[in-house]
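Got chain Y; can you put chains R, Z and V on it based on the hints?
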Amino acid sequence: MQIRYFAWVRERVGLEQEELDLPAGIQTVGDLINHLKGLDDNHAAAFADQEAVRVAVDQEHADADRPLAGAREIAFFPPMTGG
Amino acid sequence: MQIRYFAWVRERVGLEQEELDLPAGIQTVGDLINHLKGLDDNHAAAFADQEAVRVAVDQEHADADRPLAGAREIAFFPPMTGG
Amino acid sequence: MTVRPSVRVEAKDFDVGAETASLRVGRTDIGAIVTFTGLCRDEGGRLAALELEHYPGMAEAEIRRIADAAIERWPLTGLTVIHRYGKIPPGGNIVLVIAASAHRQAAFEAASFLMDFLKTKAPFWKKEHLVSGESSGWVAARDEDDTAAGRWSAI
Amino acid sequence: MTVRPSVRVEAKDFDVGAETASLRVGRTDIGAIVTFTGLCRDEGGRLAALELEHYPGMAEAEIRRIADAAIERWPLTGLTVIHRYGKIPPGGNIVLVIAASAHRQAAFEAASFLMDFLKTKAPFWKKEHLVSGESSGWVAARDEDDTAAGRWSAI
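Protein chains in written order, with our numbering: chain Y, 1 to 83; chain R, 1001 to 1083; chain Z, 2001 to 2155; chain V, 3001 to 3155.
This is chain Y alone, in the form it adopts within the complex (with noise of 0.2 Å):
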């Protein structure tokens, strides 16, 4: 699975992207981010103000319930401040 990352998300990861394969039993947004913040330090960095970090999967914005099946991409970024 595709995972990008922007802004400060991007920044505390160290990465723009990376291709992970998933371990069984990740089936949603919040279980992919419980996996992640495990991974590293860099990546505990990245998540551990959980609520600042917004998602979207398949560049659709996404809640931490949505189901990961079928997805392709799944993108995480802070509160946009675009306009």
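Note that these hints are calculated values from the structure, not bench results. Keep in mind that the hints are not guaranteed to be accurate.
[To be verified] List time: in silico BS3-like cross-link candidates among lysine-lysine, alpha-carbon distance up to 30 Å:
id	chain 1	residue 1	chain 2	residue 2
1	Z	K2012	Z	K2087
2	V	K3087	V	K3126
3	V	K3121	Y	K37
4	Y	K37	V	K3126
5	Z	K2126	Z	K2012
6	Z	K2127	Z	K2087
7	Z	K2127	R	K1037
8	Z	K2121	Z	K2012
9	Z	K2087	Z	K2126
10	V	K3126	V	K3012
11	Y	K37	V	K3127
12	Z	K2121	Z	K2087
13	Z	K2121	R	K1037
14	V	K3012	V	K3127
15	R	K1037	Z	K2126
Just so it is clear, the structure is predicted and the values come from calculations on it, not from any experiment.
Only chains R, Z and V this time, still in chain Y's reference frame:
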């Protein structure tokens, strides 16, 4: 006193403006309208639907009870439709 | 800094891009610019032109009063109002309002406020000229415009 | 007639006058055009530039979703949205919304709606570069923007 007319009030009166010497006793805009209505059929037609006529005294919007003392220019016109 | 509104009442056409450029040139304190352009519609092909009559002197004075009220109410960094008169064909420009501010809400509200009061307070009157060659007479004032102006407390 | 919004996400600058002209050319059914331009402020001389990061693909898709929601809600005769990314100096353009309609209320509301949702839904992030040469980091989202978006029922 200078009297000016605009839009359909002007068309009904048949004049863009006229200089009138007002008889004594004309104190307010309302008095002036009553006086103008008595001048001829054109003026009477212009003020027949008096509710539809707006007034400005010295280029500021005014009501019928506005005193005329000191005023130089009174204008009558329909509700505005600019913008 | 007190903003001085730029107010013009004239027959000649205006250029939205040029007016906006002149309002923002050299400025780095503007975060939001809202422009409103009012155009002549052909009313489904019925209309050949609108003819705008105005009260010279009072038109400028009244627009300036409305502009000053907007400047008092919102923290604007610039305000331009241009209202044309004379005969204007379908697709042509009638009125332009440009409101600039540090933040978008002030710019949107000031421009909307200006338009609501221009419609109901500025001494302009529209006469319709039809493609048939006749005049269908003077455009009637719309109750909706009074209602819209009534959204704001009196100026 | 269904209006197709023109949506662009690009690094290069835009010209409000040219974009407005292209939206109205040959049209005689437009009565009102509202433009919103969002500019980079220097924050009292503190800021050297804003750097806008975006999520390519999703940025266009999300703006298109917001634009489609506006077209469904208001009787628009034209809609253009341009959002820039990259480094933008004080005084420079960030975002442009142009909404055209037969009547002014629809044009004002649609443009305001677009901006409220662009601010809160479109995947762009601003980083501040200071004149001191440092970066002061990422601009924080403002609660007022969520409140403003909350004025409209969910899209």
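Going down the list of hints, with the structure as the test:
1. Z:K2012 with Z:K2087: holds, 10 Å
2. V:K3087 with V:K3126: holds, 9 Å
3. V:K3121 with Y:K37: With a Cα-Cα distance of about 25 Å, the restraint between V:K3121 and Y:K37 holds, given a limit of 30 Å.
4. Y:K37 with V:K3126: Roughly 25 Å between the alpha carbons, so the hint for Y:K37 and V:K3126 holds.
5. Z:K2126 with Z:K2012: Answer holds: Z:K2126 to Z:K2012 is near 17 Å, not above 30 Å.
6. Z:K2127 with Z:K2087: holds, 9 Å
7. Z:K2127 with R:K1037: holds, 25 Å
8. Z:K2121 with Z:K2012: holds, 22 Å
9. Z:K2087 with Z:K2126: holds, 9 Å
10. V:K3126 with V:K3012: holds, 17 Å
11. Y:K37 with V:K3127: holds, 25 Å
12. Z:K2121 with Z:K2087: holds, 21 Å
13. Z:K2121 with R:K1037: Status holds; Cα separation ~25 Å.
14. V:K3012 with V:K3127: holds, 18 Å
15. R:K1037 with Z:K2126: Holds. R:K1037 to Z:K2126 sits at ~25 Å (cutoff 30 Å).
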